[in-house]
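So the protein sequences, as listed, match chains A and B.
Sequential numbering from 122 applies to the first sequence in this note's numbering.
Sequential numbering from 16 applies to the second sequence in this note's numbering.
To be clear, the hints were calculated from the coordinates, so they are not data collected in a lab.
Since the structure is predicted, the reported quantities are computational estimates derived from the model, not experimental observations.
There's no promise every hint is true.
As the list claims (entries may be wrong) - Mimicking BS3-like on lysine-lysine, the simulated pairs with C-alpha atoms at most 25 Å apart in a straight line are:
1) K206(B) <-> K223(A)
2) K177(B) <-> K149(B)
3) K182(B) <-> K149(B)
4) K206(B) <-> K182(B)
5) K285(A) <-> K174(B)
6) K477(A) <-> K245(A)
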Amino acid sequence: MHLAHLRLRDFRNYARLDLDLSPGFHLLIGNNAQGKTNILEAIYLLATLRSFRGAGGAQMTRHGRAGYFVGGNVIGQGEHEVKMYWSSQARRLTLDGRAVRKLADYFGTFRAVVFCTEDLQLIKGAASRRRRFLDLLLAQTHPTYLALLQRYTRALRSRNALLKRRLLDAVALESFTHELLATGSQLIQHRRELMPRFSPLARLAYRRIATDEEELRLEYQPSVQNDFAVELAQSRSRELALRSTVVGPHRDEIRLLLEARSAAQFASEGQKRSIAIALKMAQAEYLTGIHGTAPVLLIDDIMGELDAKRRGGLLPLLGRAHRARSQVFMTVTREDWPAELGRDLTRWEVEAGIVKLAES
Amino acid sequence: MASLPEPVTQLIAALSRLPGIGPRSAERIALHLVQTDAAAVKELSRILIAARERIATCSICGALTERQPCFICEDPRRDGSVICVVERPVDVLIIEKPATYRGKYHVLGGRISPLNGIGPEDLRISSLEDRLAKEAIQEIILALPSDVEGDATSFYLAKVLKPKGTKVTRLAHGLPVGSGLEFADELTLSKAIEGRRPLE
Ligand SMILES: Nc1ncnc2c1ncn2[C@@H]1O[C@H](COP(=O)(O)OP(=O)(O)OP(=O)(O)O)[C@@H](O)[C@H]1O
Ligand SMILES: [Mg+2]
Ligand SMILES: [Zn+2]
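If we strip away everything but chain A, and leave its shape as in the complex, we get (with noise of 0.2 Å):
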């Protein structure tokens, strides 16, 4: 799978940008604030329509101007033509052509997998952080999930407004009830069956780039523990209390163990880093496992901060994807760097906000 062209207008400080890519691998050279990131930025959100530095519509929309926009050709199994135009009056999405109507029909058009700096916050940040990492995975291989997931958001939203309401009515709680009950259980089902079949990849990617012997594991720590139902009608006194909906899979916990201990407690910075990485290089080789082809790999600002060890693990992953006609995206700051990825590279220049092939 692979990006063949990235045209941008008015998206961050590019006024217009249009890019013929091919296969393989790229390297986005530049100093700072040129402009690199937002190129992985852009490519992100035709994969997942989210920006993965949380930023919303009008923050990518070029200072001083309506709305941005990002298109791009995919080529999968076929070819197809994504444009998406975002302004505060009106957003737009279409697939060859089309407007899209279920984000459902959208996923799986074309698939990312972002390593940045920000990835530490899956083992330091709060456990919301690792449930969107999981939903994300599941939405990318899952063509329900998704659906399902905003029908589960809809009904627990729903829900927690009735508790907020001074007078409680019983059979309206009860109604939403219903909906979170049959959503949520179908959520749980779909993590506990992809834990066992993620963990082992994530174990195995920790061990060819991490500098120690210690092991990774993931373990699902569902806040259901046997029946939803009944522990939902079990936490009435708790949510009344708290006005708010107490059990179900918006309270899950994936734990990230090291050696059977808390990484979030113990890890070392430098394990921690680590763990970051093989989650991402884990959900790269899951999506490929179940597709039959490579996501397209956005790699930001991560490599500067490796070691040749770490580096010797993660670069095999990014040779992989290269001999199997996807792509790699990778920005770096200084020219001379990654040596180890040899000359078949494809170099870009990133100068504010224009970018050039770089002179071999």
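Dock chain B with the ligands against the given chain A, drawing on the hints supplied.
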């Protein structure tokens, strides 16, 4: 740049409040209207006012009607023992199209939506209960949308109506007729499998 005279900008503002009309089309329509023959515009405004004055919601079922009660509520050939509950008045027209349904209707006027501050008391549920008490109703068919609020509203109605001894059914979530399985998304497909029925 010279700006548009105030009556025109007012007209644009009023038009763009209409559903489906964005600022660009509002401007086009407004500029067209102010340059049209005055008699034609008068006629248009007369038709607008007349339409608004003559149309009301049926005092029984809540559908749009010119007379009280509406044709459907008054039609003796329609089966008064079956009532189809819909969300909006236009849903009546949609179900009437194929001309296969012979029962009557009840328009709820919305669905329970805690996130938009709409509770059961904001819907025409008590008037439905009144009808159940007065009319000889044997079956209520729920034909609400199958999103979260629609399904929760169906569940709610079943909960409050069933104890009154009426049969409550809902439309099958199904596959679009005439298209192959490959055209159904997975959620529709799994709902259709859930709602399967024995062959008679
Ligand atoms: N909405 C926007 N409109 C115009 N310019 C923007 C917008 N958002 C960000 N920028 C500019 O984009 C530049 C940052 O781009 P980017 O984050 O891609 O940098 P970078 O090349 O990755 O730098 P670094 O090496 O420091 O990570 C900054 O100059 C910033 O001012
Ligand atoms: Mg950057
Ligand atoms: Zn009527």
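Here's how the hints hold up against the structure:
1. K206(B) <-> K223(A): 17 Å, holds
2. K177(B) <-> K149(B): With Cα atoms ~16 Å apart, K177(B) and K149(B) stay inside 25 Å; holds.
3. K182(B) <-> K149(B): Answer holds: K182(B) to K149(B) is near 16 Å, not above 25 Å.
4. K206(B) <-> K182(B): Given that 25 Å is the threshold and the Cα spacing comes to 22 Å, the pair holds.
5. K285(A) <-> K174(B): Judged against 25 Å, a Cα distance of about 22 Å means the pair holds.
6. K477(A) <-> K245(A): Violated - the C-alpha atoms of K245(A) and K477(A) are around 38 Å apart, more than 25 Å.
Comparing the model with each numbered hint stated earlier shows that hint 6 is the single one that does not hold.
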